Structure formats: structure tokens, C-alpha cells
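Trainee: Residue-level listing of the chains:
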Amino acid sequence: MAVFRESVPRDIPGKMMELNWTLVLLLVLLGAAGVGMLYSVGGGSWEPWAINHAIRFALGFVGMIVIAMFPPRFWMGLAYPVYVGALILLVLVEVAGVTINGAQRWVDIGPIRIQPAEIMKLALVLALARFYHDLEDTKVTTISGLLPPLLIIGIPAILIVSQPDLGTTLLLAATGVVVIFMAGLSWWFIMAVAGLGLAGIVGVGIYGLENILAEYQMDRVHAFLNPDFDPLGINYHPNQAVITLGSGGMTGKGFLEGTQSKLGYLPEMQTDYIFTALGEEFGFVGGISVLAVNALIMAQGVIIAISCKSPFLRLMTIGVITTFASYVFINIGMVSRLLPVVGVPLPLISYGGTVVLAVMAGFGLILGAHIHRNAEPPRGAGLFG
Amino acid sequence: MRADRQEQDLKFTRRALLMAGAGGLAFLGLGARLYSLQVLETERYRLMSEDNQFNFNLLPPSRGRILDRFGVAVADNRDSYRVLLVPEQSGDVASALDRLQPFLPLGEYDRERILRTARSQRSFHAITVADDLDWHTFASINLNAPDLAGVTPDVGEVRSYPFGPAFAHVLGYVQPPNDEDIANNPREAERLLRHPGFRIGKTGVEIARESDLRGQAGALKTEVNARGRVIRELPEQSTEPDAGRDVVLTLDADIQRYAHERLGQESGSAVVMDVNTGELIALVSAPSFDPNLFVGGISSADYAALRENDRNPLFQKSIQGTYPPGSTFKAVVAAAALEHGVAPPGETVRCTGSVRLGDREFHCWRRRGHGSVNLREAVKTSCDIYFYEIAERLGIDRLHEMATRFGIGEQFDIGIAGVRRGNMPNPAWKRSRYNQGWSTGDTYNTGIGQGFVTASPLQLAVMTARVASGRSVSPTLYRNAMLPPAAHIGVSDDALARVRDGLRAVVEEPGGTSFSLGGLGIDDIEMAGKTGTAQVYSITAAEREAGVRDQEDLPWRLRDHGLFMCYAPADNPKYACVVVIEHGGGSSAATRPARDILRRVVARDPSSRAGVFADLGNARPGGA
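Chains L and F supply the protein sequences, listed in that same order.
Numbering of the first sequence is given in numbering that gives the first Met the number 0, commencing with residue 0 and proceeding in unit increments.
Numbering of the second sequence is given in numbering that gives the first Met the number 0, commencing with residue 0 and proceeding in unit increments.
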């Protein structure tokens, strides 16, 4: 029986032909929404945020296309070195990081200041995908199949949680767990872990959450459960965020007409709380549209993952899209007071260079996976195969 | 192998779809949350957003002015440059004051006051840091205000009393309300009362007419940012404050000021009254104080000086001081004698300088006596013996009844607090007060206005006005065109005419006790009057031996009070004037100031000025 092997494009024009334009268009929509909202919260001005955001998005866009051109083998070869590099940067943050707002998350490399945690999110996904690509399917639910991934996730998680950055840590852990699950972990094992987790939650309930979380994290949980507590202090931002969103109504106050954002009731609106400004000016219609675009991106990611033939591309795509979707869920959940305060930006809309570049790089990998979806690099090639 | 691959692919697809489903559910949850916030609860959040966006800044009303009878402002408002601090916007108050220190040096006392105020009220209430600043200081703070968070330069209104001490007792003064004042006011007034620089009446007319003077606060709607900075004002959605109503007094600022000056450093009172209406034209107590000092917060040293002054400047002697009326009371006794027929015309009483009653001797002020005197002569020369005699003939009950008719012992209400009623004694009163029977000696003393009878200068003015007009006029301080004319006093015109004749003779005839005054001094307008001396201390025999003969030999506070009541014109009375000089050493201390004040009042009366006024008849300015 002749097997029809679908081809993998080999030259640049051929690869460009295979670009997933739907995904590209959705990403451009998000970036444009970001530029528009930053223009608005900047007081109807390109300065100081909108113009930078546009430039970064453009750079990120080029980078994304370039990344998409590389074959999977290239990324497989790079997976472990990139991961180790990101780990080194995280350690550097520990010893020589820049402290901003009480958290040590940035490190200066030459003229640029980057957040190694952002790089780690991609590096982790690459490393896990590479590991499972090389692992025999039958060995997923064994000690030798489980221990390395847990270490790959655990080491950066410990480094990041000590910055302290609980949000990123949880994001990292969630992404890692999803990749392990997608790699084919057996259900009985999942059930056992879930049972243990449940027991853990019960244990925490008895032992007391306050003995586990840092004081400021405990305060956030307390504030989340009691919106009227300390309304001018810890609950000021969460409450103002909800007011900003809610006052937008069905269709919003109109572009550049947001009073909460213009009058400064939500400082730092350009970063984590940008979605509330959007909700204030464009209302429910605007908010649900952004949500829909993000959902379509997520769906597109899943479709691409399923269409891939190699475990590396599948898991990489699933991992990147999980990180992305978690970002969106945690951010919008937080600003709408569905979740406690966790400092997580809204991808491609929030202001912040490293995040934009990291997200665009992630989508570069996904677009690359789509182009090379039929590629089947050899498995079990060893550490540097 | 191949089946394995397919199995793996299927497994991955299943799990991917499962994850996608979970993600989809999570996003659906977010959508539901947005729907709940933005569609279902939008009204609530829109209100909260507007609450953020807009402030209603209280606009305090202008306090109503207090005007004299001619419209001259005697209590007015002037601009005051001040600096306010809102703790909510400034953060720590102590460090905010430190930042302000280079532009506005504050003493320990002020710092303490500001910090105390900051602790006692909500942090969004502004605190007055300094009031009544000079322009230079105010301008430098204005210039630096953008760097001084929470510090607001402001132009407010502050009460001013252009006539200073002359009106102090009548007008009273305003001060910032204390916690008790705030508790005593309705709750809705609290925001206004706590408004920085807002003051309420504390004494006098200021407190008595507070509800008229205060007015209604307005509110300015402003758009503010999160730091409380005003972005813009929305006057079309604001309410203007309603200024307080002006209060018009019957006083004449010119006469009031003159009377105050004329009393000088004496401790005493002057009261001028329109005898036909009871309108008070002057109501002066001296020495006085400057009420402007109280508005800005009087220093404790200044206040102690006022309190410890033995001439009692804080005490409103004109209505609160009560004195034996002395011989001025003889006008009432004479009216009673004539009304009851106990002093028939032509009948005389012989004055030898003293009269015995039992084992007591009662003296006339003139030790060598007046000889035979009739009622007219007795009034004119103020013969005590004559009045002992007719007081005894009248009896205390008839005397009491007549004195009461003339307002002695009557509680008057002139619309400010503190009016004392004095005392007109009778046997029942003495019984309840001292548990003693009434004696003829008590009647004698009452007959010459000594002993138990006491009256305030205001009451003496009422008495004078009632004698002069024959009407039961009551004193009033507030202009009221609707005042009904007072009823006739119920004493025969003949009796009143003869009393007035005697009072005219006191001033206008040789031998009268005040003839040396030389009369009113305006054309040929005559005046009438009566002197009085209220004994404070009896010079003892031992002191007399030691050479103390005259009032001048006594320490000031033991000297007699001098009184003079008068009115003019004598033939057609219009104005009554009473002056009481505490420890003046005798009536002569009061006569000249009283006459001078009365002269000025009469001179200001339109009808006594050039005849052109009479020729105009009923014509009004601008009319035909």
C-alpha cells in the first residue's frame, strides 16, 4: 500500500505560502487593540506607550515570522541550551537583579533589561516537548518518564517563586502539568495525583492557608474575599478595576472618554489593568470581542497542535497556547475580581516589552509548527541529537 | 506499530479537545462575569464611577450683615486670605506642615491645634492652617501650591466689625463652632459648620439672629482626579449659596460710636431711646473690647487682660448691670403722688436736712435742708425729705404698682440675651427674700430710689421714655416698621405734665440740680432731666474722723454710682438718654456725658435741622 506522505515545504517562499494567516490576523487584531488602548490611557497620545508598543509589536511580528521559518530540528537542538540559558539568567536575577516594585524580576544584559521568567516560559515548553519527543510513549507513566519533567518544571518554579512572583510560578507549573498530561500520562496516575491534591487542599484547610502564603499574599486573599476591607488600601485597585469595567456598560463610554482611566483612579493602567480601560471605553461589546479573539487564537492553537505529526511540535504548540490562554484567563479574571490579585499582563495588549516579544516568539514557534506540521524528526536521538 | 501511532494520535486529539473544552468553559466564565458587571450591574458601577469623578464642594454662604437704622454696616464681611490643608490629600499632616514651614512659619501652638483638629475629624475635611494672611505670604504659598500636596490657598470671608468696641456688646461676635455647637445644630448643618473658616454667632445679635444671618450653603460640582485635584468645574450643575439675611437694628451707628467715645475710660453705660417707639438708638457699655480680636481667635493673654480688668469690659452693663436708681426714681414717685392725690398743688413739706423715724435719722442730700418745698421744687432740687414724706403717704403698694407701670422690675426682651430685670420691692418680696416685715424706713429708702430698688440702665431709659411720652413703650433693638403704637400708660395727662414740668426745671431753671449744665445747647430747644446717685458705701464715723469727707477720698470701687436720665425736647419729647457711671462719685459724672449724647441725637433729628426739611412737607426724594 502506497503511503501518501504529505510534503513539508523546504524553501522560504514555500514556507510563506503555508503561513497560518488566520492566526496572524487574530494576533494583529490583538496588537492593534493594545496600541489603541495605550493611545487612550496615555491621554489620547502616542507618547509614552502607544508608539513603543507599536514598535515592539512590529519587531515581534518580524521575529515571529523569522522564527516560523526554522525547521523543528533546529528548535529541538536549541531546546536544552535555551532552557539552561534561561536558568542561568534566573540565577543571575537572584544575585544581580534589579528590584522594581519590591520584586526582583529584571536583569540587565548590556543595554536591554529583560525578565528571564518570560524567557523561561518558552524554554520550559521547548525542554518538555523535546524530552517527551525522545521518550518512548510507553514510558510516560514511569519514574524515568516522570522525574525529569518534574525537575524541568520544579527548578525554575522555585527560582521564580522566590523573586517573588507567584503568578508566573503558577503559570509555569500549570503549563508544565498540561504538557505532561498531553504527553499521555495515564488516567489512573492522574486520578491518584488528583486525589493527593484534594487531600492536600483539605490539609491546607486544616493547617491554615496563612502558614503557607506570604503575608502580602494572604492579605490579597483576604481582600479578595472581603471587597469592603481597607477600601483605600489593598482593595483600592481591585475595587476601582471593577468600577471601571462595570461603569462601561453595554457599549462603553466611547474611545478616549473613559473617566476612570483619564482621572487616574487606576494607576499603572497601561499594564495589568489595561483590560478595564478597554471595558470602560468599549463596554461589554468590546470586552467580549477581545475575549472572542483570544478564544479563536486558542482554538487555532489546538487545531494546529492536533494537525502536527511529531510529538515535539504537538507538545510545544499545546504548551505555548496553554501559557497564552492562562495569561488571558488570569488577567481578565483578576481585573474582573473573579480571582485574587495576581500580577499577570494581558498578552499583546498590556504594555511591556519582554512580554510582547516573548509572546510573539511563542506564536512564531506555533506558526512554525503549522508550516512544518508534517515533519517527523527522528525520536530518541539523545540529548544533542 | 502503525496502530500504535494511530492510537497515540487519537489519544492526543481527545486530550487536546478536552483541554480546549476546559479553556472554552473558562473563557465562557469570564464572559459571564463581564456580562454580570457590565450589563446587569452597570448602573451601580456607573454611580460609583461618577462618585469618583465628581465632588460637591461646599460653598459657604455669605453671612448676613448687621446694619444700623440708616443702613450703615456695623457687622460686615471682608476677604480673608487663608491656607487650608486636606489630610486625605496631603498624607501625614506633620510632614505636610514641615513642607509648608519655609513659606508659612507656624508656632508650636498652631501646629498643635492643626494636628489635634486633624485627629478629631475625617480626613477629607479641610483644616484651616492659617487665616487672614498678608498678601505677600499668600502669594508665595500660591506660587508653591503645586508642590505642596493637599495645601490649598483660599479666599474666604471673615467677619469684621468696622466700629470695633462701640458695638461689641450689642453685636457680640462670631467664632468657629466648637464640638458642642456642632452637637446642638441639626445634623445636616454639620458639613457647613465644619467648613474651614466658617463661624457662627457666639454672643449678642450674632447669636440671637443666627438663623437669619447664616444663610444656606451651596455646592460646586467639580470633576476631580484620583489625587483630588480639580480638573474642571461644572457651574451649571451646581447650586449657589444663599447669603444670610441682613439684620437691621434701630441703633444709630453715629450716636453709638459717639456715646462710646464720650464715656471714655469710665465704667458705665449709655442708653438712648426713641420715647415714642421704644427704639433703642444707642446701647453702650464701657469700657468695651474689640470684637474683631475674637473673630480670629483671641490670644489667651488678651483674654485674661479683659477678664481681669476691674472695670469689667466683657460685662454688658447697659442691660446686665443693675443699680439703685437713686433720685432718678423720684420722677416715678412724683407721678404716683400726683396720680393718687397725695401731693395737692400748693402744699409744701418742710425740709430741715433730716427727719427722724423711730430711732433712725433719715437725711436729705442737702445737710442744711431745702426749707419749704412743693412737688415741683422737690423734683427740681431733688429734696429727699419731701419724697420720704410722700412715699410714706403713698405706701409701698401704690408705689410698687406705679413703678411697675414705668418698667421698674419688668423683664424686657430686646432680642439679645442677658437682659436683667432689676427689682421693684414690696412687702411680699421682702418677706420671701429676707423673711422680714416691711418697714416705713424701707418705704423711705424706696421713695428716693435707694435700698432694695434696682434697675438696669435700659430700664431707666424705658422709665424716662414712659415719663416723657406717657406711653407704655417697650425697648426694641430691631427695626420693624409694623410696630404698633404703645398704649397709654394710664396715668393722667395732668400728673405727667406736672412731673415733666419739674424735670424741665431741673435743667432749665436756676436752682435746678443740673442748671449748671447750661441746657441742651441747640437753639432754644429745652431739655428735661433728673440726676441720681446710687450709694455704694457709707462713709463711717471713724473714717469721717480720719478725714475722709468726699467721694474723691475713697478708693474708686467704693465711690457712688452717678446717674442721669434726660430727654428732649422738653415740650415735645422725642429722645430719652440715660447715662450711668459706675463709681463716678456722684451724679455729676453722668450729667455732662448724657447731655452731650442727647444733644447729638437731637441735632441729627431731621426736624431740628434747618427749616428746609419742614418746608418739604411730605415730599419724598424723587417725588413731586
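Quick caveat, the hints were computed from the structure, so don't treat them as lab data.
Source: prediction; values computed, not measured.
Among the hints, erroneous ones may be present.
Short derived list, chain F residues pointing at chain L, Cβ under 7 Å [stated by the list, open to error]: (1) A31; (2) R32; (3) V38; (4) S48; (5) R359; (6) H487; (7) I488.
Computed cross-link-like contacts, PhoX-like style, restricted to lysine-lysine with a CA-CA straight-line distance of at most 25 Å [unchecked claim]: (8) K308(L) - K10(F); (9) K14(L) - K308(L); (10) K10(F) - K138(L).
C-beta atoms are modelled at their ideal positions from N, C-alpha and C, and glycine is treated no differently.
Trainee: Each hint needs a verdict: does it hold in this structure or not?
Mentor: Evaluated hints:
no., hint, in the structure
1, A31, "violated (9 Å)"
2, R32, "holds (5 Å)"
3, V38, "holds (5 Å)"
4, S48, "holds (4 Å)"
5, R359, "violated (83 Å)"
6, H487, "violated (73 Å)"
7, I488, "violated (71 Å)"
8, K308(L) - K10(F), "holds (13 Å)"
9, K14(L) - K308(L), "holds (17 Å)"
10, K10(F) - K138(L), "holds (15 Å)"
The structure fails to meet hints 1, 5, 6, 7 from the earlier list, while all remaining hints are met.
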